[in-house]
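Chains as they are written, first to last, in my numbering: chain A, 2 to 598; chain B, 118 to 352; chain C, 225 to 349; chain D, 1096 to 1238.
Just to be clear, a hint being listed does not mean it is correct.
[To be verified] Okay, the calculated beta carbon distance ranges per label pair:
#	chain 1	residue 1	chain 2	residue 2	range
1	A	K578	B	S200	51 to 57 Å
2	D	T1201	A	K31	47 to 53 Å
3	C	L326	B	P147	57 to 63 Å
Derived by calculation from the structure, the hints in this document are not laboratory data. Don't be surprised by glycine CBs; every beta carbon is placed ideally from N, CA and C.
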Amino acid sequence: MSNQHQYEVVIVGGGGAGLMAALYASRGAKTAVLSKLYPTRSHTGAAQGGIGAALGNQEEDNTGWHTFDTVKGSDYLGDQDAIEFMCQEAIPVVYELEHMGLPFSRAADGRIAQRRFGGHTNNDTKQPVLRSCYAADRTGHMILQTLYQQCIKNEVTFYDEFQVLDLLVVNGSSAGVVAVELATGELHTFHAKSVIFATGGHGRVWEVTSNAYAYTGDGVAITLRKGIPAEDMEFFQFHPTGIFKLGILITEGVRGEGGVLLNNDGERFMERYAPTVKDLASRDVVSRSMYLEVRDGRGINGKNYMNLDVRPETVNKYAESDGRVLPDGTPYRVTGDDILEKLPDIIDFCRTYLGVDPLEQMMPVQPTAHYAMGGIPTNMAGEVLVDDKNTVMPGLYAAGEVACVSVHGANRLGTNSLLDLVVFGKQAGLRAAEFAQGSDFVSLPGDAESYTHQQIDQFMNGSGKEETADLAKEMKSIMMEHVGVFRTEEGMTQAREKIAELKERFKDVGLEDKGKVFNTEMLDAWELGCLLDVAEVTAVSAVARKESRGAHAREDFPKRDDDNWMKHTLAWMRDGKVDLGYKPVSVTKFEPQERVY
Amino acid sequence: MQVTLRIFRYNPEIGRTKPTFDSYNLEVEPTDRILDLMEEVKAYHDGTLSFRRSCAHGVCGSDAMRINGSNKLACKVLVQDVSSPITLEPLLGLRVIKDLIVDMEPFMESYRSILPYMVNDDIPEDGKERLQSPEERARFDDTTKCILCAACTTSCPSFWSNGEYVGPAAIVNAHRFIFDSRDKAASERLEILNQRKGVWACRTAFNCTEACPREIHVTQAIAEVKRAVFSGSLE
Amino acid sequence: MNTQKVKTSKNIEATAWRFMRLSGILLIPLAWFHVLLQDVVVGVHEIDIDYVAVRLANVGWQIFDILLLTFAFAHGMNGLRQVVNDFVHTEKGQRRMAWLLLVIWLIVSAIGAVAVIAGARPELA
Amino acid sequence: MTPILTSLRTTLTGYLRYRGREGHYSFLMHRLTGLGTLLFLIIHILDTATVYFFPSLYEHAIALYQSTPFMLGEIGLVFAVIYHGVNGLRISVLDLRLPEKWTIATQRGGVRMTFILSTLMWLPAAGVMMYNMLQHNYGMFGG
């Protein structure tokens, strides 16, 4: 027990939410950030399109519209009090980011530039509204860099490349974490008054994903193992436009700037599915439409992808037929240079990975696993809730993609993820520090590291009959096929059984690398264990929900069922089994209505 | 198609202190990323192979290494872009910890030394954003793209010779603030870089610009900083 | 554009950097003409001490040679100092090497300058 | 302070094994031609100074310069002086006047042009010097 550390607040994860929490927590408490990557390599940096806030810089907008759009986007599963809070906080927090130095793209008058994004509308005209504040197509990169810079300025303590393997819970309170220092393989115990989980999502459960290798659901898995439930895990967003096969994300900003999706007949099929906003319908709607087009034989060259067309002539053609105008009333027209200026990175991706120049050719895209709406249940303060009565676990907080507040409900709107992580990262940081100031350290048991040792020993002494990579492949494949965009009872049941089988086989995973220094093989195996837990909870939660809502689309139950299913799923892992429970949705202003775009 | 992957191996923990190369023959697609090949090796040939990676599409900067002799991101190079045998080696000038993993700390220390954060506490009275014209924003756009992968710094002959040289990446990040119309610490940053181990160690060898996976005009940024030191003007 | 003025101090490295570029530009006519004339047009076989004596008896050539000596050698020695700094990393080491190079520079320059100014002494050959 | 981990070995590995583009080789050539020229310059200052200090030695010095290896070296020196000058001029102009032209396109083209231009300027000079050498040292061309 040589590596003992004591901090008032320990933050697990160095992405947008973790860094925002660190900035606020460190002002009032002794704080450390533990991150398995260098913080600037966190997945926040891959976010492209923008952060939503009703600044109204370029045309009329207000937080009420933003709130309603988010509620509607969530398919009425989002908690409306939390959504309203987030949309109100959006405006000051975006200004705050600007004050921190974030280099937003600018409009001609020097204000923060805004673009259109899926599901964000003028509630009066029902037309898309300019709400997404952006920095070219690297908004996430800029947020991550800016927050990291501020952390350096404020001398936040970082433990880079420390993988947290266990949360210490003493008498129902969080008391710290155990982490392995990757460079040495040494275990470190971090004793803390408050622990904030900001570990990100788990898109690596699926085969085609926009998510980083690091996105392995660590936070959800660790808390599940400590008896904390996971909320709404059946809702996982498939972004409509990932690069075919690779899954690399092509931002919705492409469609915001006027790009359109075309099927094999060259038809702009979204006109049929969402006659008002067309290509800028929310992501679940677009992904499902693409799936239906493919099913009906209109995939490009008979394959399961669509073309995304942002060539200036196409953009101008449809802008003209839509009658799209700029805020000053002049017709919306673009040139190749405009596109290049606003979307430089996605053009680079296409050139690098596809050999396709989006200014001259169309991009092959398919829905790609993208974002976890579900996660560790929290309230608006970022406090983790352990049951259906919203009981708080003292000293434990979660923020960002790993948390389920829930502001995204059954489907997240584009630009609301970056918003979520700064708004609730800040809340979690503030509250964690506040809690730390008013409480004492809970003393740790003598064997704090025993469960972690047990986890590591399992791999070190494993029989090696099974390969991590094989199990991962099988999991990704079955989840993609049966717990993806469209789901059926039969498919999901099959997936659930398969995952259970994989979990059994996982016990026979062994390691070739018996060393301590950067044993990334061990890390991969441990992460697969997390993914399997998360996949299982996802499949079980999904089979149980007998309706279609947001990202959870069932062919056997194609309609939303507000009478029976207007509730959040809670899933516990108890004795190797998944138990389900439910809790009500907070409805304040908006009664559920049919959802059309 | 068949390719041979030659990977630098080093692991003092098991007594592998003399750097050697291991070769693997793989059946691959021309459009596979080098990173995909490395994953294949790790999964099915040698689980002890260690390297860093995360986003796998060139925005996180984890997997910078020497590929066939020059610095690249393994996730941004396709098999069709290079010739077999494909040789992978760790970045030069930073201590190798294991296989392709190097100690990033000196690099991060240089980054931190140039005040890499906005210095300006004046907030408009209405609490809204500070205004900045699109032209002012464009002035430093290029250098906001840096992902701190270290490909530039470790391609620099001056850095190979003298690790005290702050390096291209740190200068790029200083440039990002020096030329931001909102920032107020340009003089301090220029003074930090106005040293033997600052911009004056740059010999315009240009490897940095060629190595940058984000296509930042690194040498240009350094030249602009040098000029600012001399002219006292940021125009 | 960022119109704020910035303050920077002038130090030896900054000055040296500028000197290398400006002296380099000046050296192009000086050094090239010298090399073209002595190595190519005249040729080493046509040169002996009498040739040098005649040349150094001319004030124009003396000025030319002094300029060339000053700038070329300073440019070269500063270049060498920069190379040395790439390999000597401690402040102390760098300072010592700089002094050493300065001394060599002064001595060799002095020897060269005396020869150019005093001229050749073929009668002693 | 973290210790300095770079070394002569790293430097040489980098110089020789790093597969840079045009700029890498341009940097190496600039450095090499500079150091070569400086070495010659020091010797040249000292040998010329003998005309005043030790006039009797000058004959011997000149005789050495007239030998074939030294004449070949002199041909190389002329290239070094030309290349170092052209490349230095390119760098100076970019640094002092056109920092925005430090782009990949101008760099690759610029380095190649520098090399071609230097070679073109050197070839006639080398031809004349070669002729002189063959004439004086080997009695060719009726010398």
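*Taking the numbered hints from earlier one at a time, note which ones the structure violates and give those numbers from smallest to largest.*
none
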